Amino acid sequence: MRKPPKVIVVIGVSATLLAVLPIAYLGLRLFEGFDRALAELLRFRTLELLGNTGLLVLAVSASALLVGFSQAWLTTRSTVKFASSFAVLAALPLAIPSYVMALGYISLFPTFSGFFASWLVLTLATSPYVFLGVTAALVRVDTATEEVARTLGFGRFQVLRRITWPQVRPAATASVLLVALYVLSEFGAIALLRYDTFTRAIYNAYRGSFDRTSAAALALVLLLITLLVIWFERRYRGIYLANTKALGKRVRVDLGSWSWAATAGLTLVAVFSVGIPMFSLLVWSVQGSANLDMPMLLDALWGSVRLAGLAGVIIGVFATAIALWAVRYRTRLGAWVETASWATHAIPAVVVGLALVFFGANVTPWIYQTTWMLMIAYLILFLPNALAAISTPIAQVSKDLEDVSQSLGVPANRTLFKVVLPIAFPGIIAGVALVALTVLKELPATLLLRPTETNTLATRLWGATEDLAYSQAAPYALLLVIIAGLPALALNAQARKALSEVRG
Amino acid sequence: MFRKTLALAAFASVSLAGCSAAPAAVENSPTTTETATEQPLAEKSSITVYSGRKEKLVQSVIDQFTTETGITVEVRYAKSAEMAAQLLEEGDNSPADVFFSQDAGALGAVAKAGMLIELPSEIMGLVPTEYSAADGKWVGVSGRARVIVYDPDKVSEVPTSVFDLANAEWQGRIGIAPANASFQAFVTAMRILHGEEKTLEWLKAMKTNAVMYPKNSAILKAVENKTVDAGLINHYYWFAMSREIGVENMTSKLGYFKSKDVGNLINSAGVGILSDSNAARSFVEYLLSKTGQQYFVGETSEYPLIPGVVAGVELTPMDQIPAPEIDLSDLDSLEETLDMIREAGLI
Chain X
1 MRKPPKVIVV IGVSATLLAV LPIAYLGLRL FEGFDRALAE LLRFRTLELL
51 GNTGLLVLAV SASALLVGFS QAWLTTRSTV KFASSFAVLA ALPLAIPSYV
101 MALGYISLFP TFSGFFASWL VLTLATSPYV FLGVTAALVR VDTATEEVAR
151 TLGFGRFQVL RRITWPQVRP AATASVLLVA LYVLSEFGAI ALLRYDTFTR
201 AIYNAYRGSF DRTSAAALAL VLLLITLLVI WFERRYRGIY LANTKALGKR
251 VRVDLGSWSW AATAGLTLVA VFSVGIPMFS LLVWSVQGSA NLDMPMLLDA
301 LWGSVRLAGL AGVIIGVFAT AIALWAVRYR TRLGAWVETA SWATHAIPAV
351 VVGLALVFFG ANVTPWIYQT TWMLMIAYLI LFLPNALAAI STPIAQVSKD
401 LEDVSQSLGV PANRTLFKVV LPIAFPGIIA GVALVALTVL KELPATLLLR
451 PTETNTLATR LWGATEDLAY SQAAPYALLL VIIAGLPALA LNAQARKALS
501 EVRG
Chain S
1 MFRKTLALAA FASVSLAGCS AAPAAVENSP TTTETATEQP LAEKSSITVY
51 SGRKEKLVQS VIDQFTTETG ITVEVRYAKS AEMAAQLLEE GDNSPADVFF
101 SQDAGALGAV AKAGMLIELP SEIMGLVPTE YSAADGKWVG VSGRARVIVY
151 DPDKVSEVPT SVFDLANAEW QGRIGIAPAN ASFQAFVTAM RILHGEEKTL
201 EWLKAMKTNA VMYPKNSAIL KAVENKTVDA GLINHYYWFA MSREIGVENM
251 TSKLGYFKSK DVGNLINSAG VGILSDSNAA RSFVEYLLSK TGQQYFVGET
301 SEYPLIPGVV AGVELTPMDQ IPAPEIDLSD LDSLEETLDM IREAGLI
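Residue numbers (our numbering), protein chains in the order written: chain X, 1 to 504; chain S, 1 to 347.
For reference, chain X alone in the conformation it holds in the complex (with noise of 0.2 Å):
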């Protein structure tokens, strides 16, 4: 077996090491705090954050599975009108971050707060996941199936129940375990809307308690929690085997009297889920205009670009590393340094935060507070997103020009510099800066950790909201809808795909 460059070994294995260290550190911190952590999760507290929190996943894995199907379905296997407008309407909430659409909802309804109003903000947030995975999905059930049960005298309502539902249900599946993931970590939202769920109350009580143990506590606890998902959601994906072969023409089911019905439905969960925030960042921001704070905003845009710049280069370079260890090496390390940096995929962005404080003051004081401790949160965060968009480039590289250069007598390493890497260069590109777009709108971590004197759009945004400054929060919020949320939609593969598919 050959043997990767030292460079890469180093570089995956640091990007793995850094990834366990501060849930290692905050596991470590519980130990020495047991009693009070074990009387701190003992609580009749505790039992009502477990509720909630279940409650919210439950409901909006729930809502955001009807919400995305009915969408996937009418756009793909519907005679419904405008089908193609509405699939892009159905993928656009993708572009903006879910604090702000609750920032877009609480400045028109002040009083706009509760489990209503998480679930229904985060219900519009995560149905373009369904949306997505459902669509890709669904234009590959083999249509013939349906249209023999047709014959056979089903009813079109039972022909969906039976034959195409089993079709496609591991990849709803996975779609909404991926919601309840991010029901989980959600944090800006659920703050704003003042719904205690875990990662509400682990911020609260590591502001509010001036006890930052039992903020681990519930760290931890919802850390478990997570691992469980995401543990299920492996499983899950065990048995789903991804039909790939392309099929003929689709045929689509003519919905007749319920075509009205249909249109309707797709435009007010438009509305709800594009109109009304835009609406309200537009307004806000117009009002607001007037007393901008022009350098502020400059500064501010300043920090989020330098910061998210930074942020795609690293991630870039570690990610480039471990997937071609993974992918062109194959050595047992390289498998499970992969692996490792996935297993963190979805901690939650409060607790990777929290987790880095603990551990950079006590331990790093040296890069405390630097850009370099916000630089390992995003490692941290986003390395699994970068993994997954670079990983893909670079297993596309035919093996053939590599063996070739080999014969050719350039030893191994030069060919991965001049050969693969060359070729496999503009779809790194390109998911780097997915992993920039997708770091200029993380909050959490960044308020957490971010250098003292430097502002991001989020952290300015988040500052105002928190002040009920509406007008001075929405033009931060559009900019960051328009800079960061509309070309990470653009260049999200997935989401390219399902349109193109809907349209064809």
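Honestly, the hints are just simulated from the structure, not real lab data. Please read these numbers as outputs of a predicted model, since none were measured by experiment. Glycine is no exception: its CB is placed at the ideal position from the N, C-alpha and C atoms. Among the clues, some could well be false.
What the hints assert, rightly or not - Per the computed footprint, the stretches of chain S lying under chain X, defined by three or more beta-carbons under 8 Å from a beta-carbon of chain X, are:
no., region
1, 68 to 77
2, 81 to 90
3, 332 to 341
Since chain X is already given, all that's left is putting chain S on it; use the hints.
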């Protein structure tokens, strides 16, 4: 097996790092505690301030300080309680020289962790003792009073005590902001002075009687619009609004409860030093100078805390407010207060 070994190795490296960091922290600590002795003070040309007060409010006075003294100031802004939590976590490694807090509770928490130096008497002496820490760990910078704002058409007489608002006659007539830090500090004071049981009872009555608002200024607007008859706010919101729309256009009035009622709590924004230096001291002295105090009076209508600086003419002089007697450092049990407000169903 292989995985296990690696995981163990990672954990071991953490514990090792933890061990090696601990002695360093111990070695560092004497430098921060020996300030009471007459050692020459560290000379710094730049200090870091953790500010729980808003950027909009204090950045310009900090800029003035830099212009006048040449000392540059790095400021980290967040809510006071968050800042306190962060300081506690950072411990002796904190990059902060000075903690400027919106309220006394957060300062109390940091002081109790032994992180604030004892301020010299020439600084403590500037401010009346009731507005600073009894142990000299922090000094008050400006004062604010809890008041009841009321619509004189609907309320003929201010109730004797804030506890009277629990009576049935007040149902649906009083506005409160349970998520607001000042309201929470007032509830903490009530817990300390009147006990947990009585406070919870009062909060539960508020669940029935009160109309909830997200913040103080919204309560004031509601009283002005005649949506509610009265509300519990900080005094300066009324003056901010009167500056905006003209005092003659204000329909509401400010009132006080009687005889040292907890509803009249006077809280102070204050400042403490974590890492002593001439620069940190001059920053604190600047906030307590006539210029600094005048700035807060003019900008916020808060009460100045040094003699010789005149509060806004319309303000009831602070010594005439029947405020409760309490050590403001004790207002640091925020979590218990939050639990109780939550238990009463207010947030």
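Going through the hints against the structure:
{"no.": "1", "hint": "68 to 77", "in the structure": "holds (count 4)"}
{"no.": "2", "hint": "81 to 90", "in the structure": "holds (count 8)"}
{"no.": "3", "hint": "332 to 341", "in the structure": "holds (count 5)"}
Violated hints for the displayed structure: none, as all numbered hints are satisfied.
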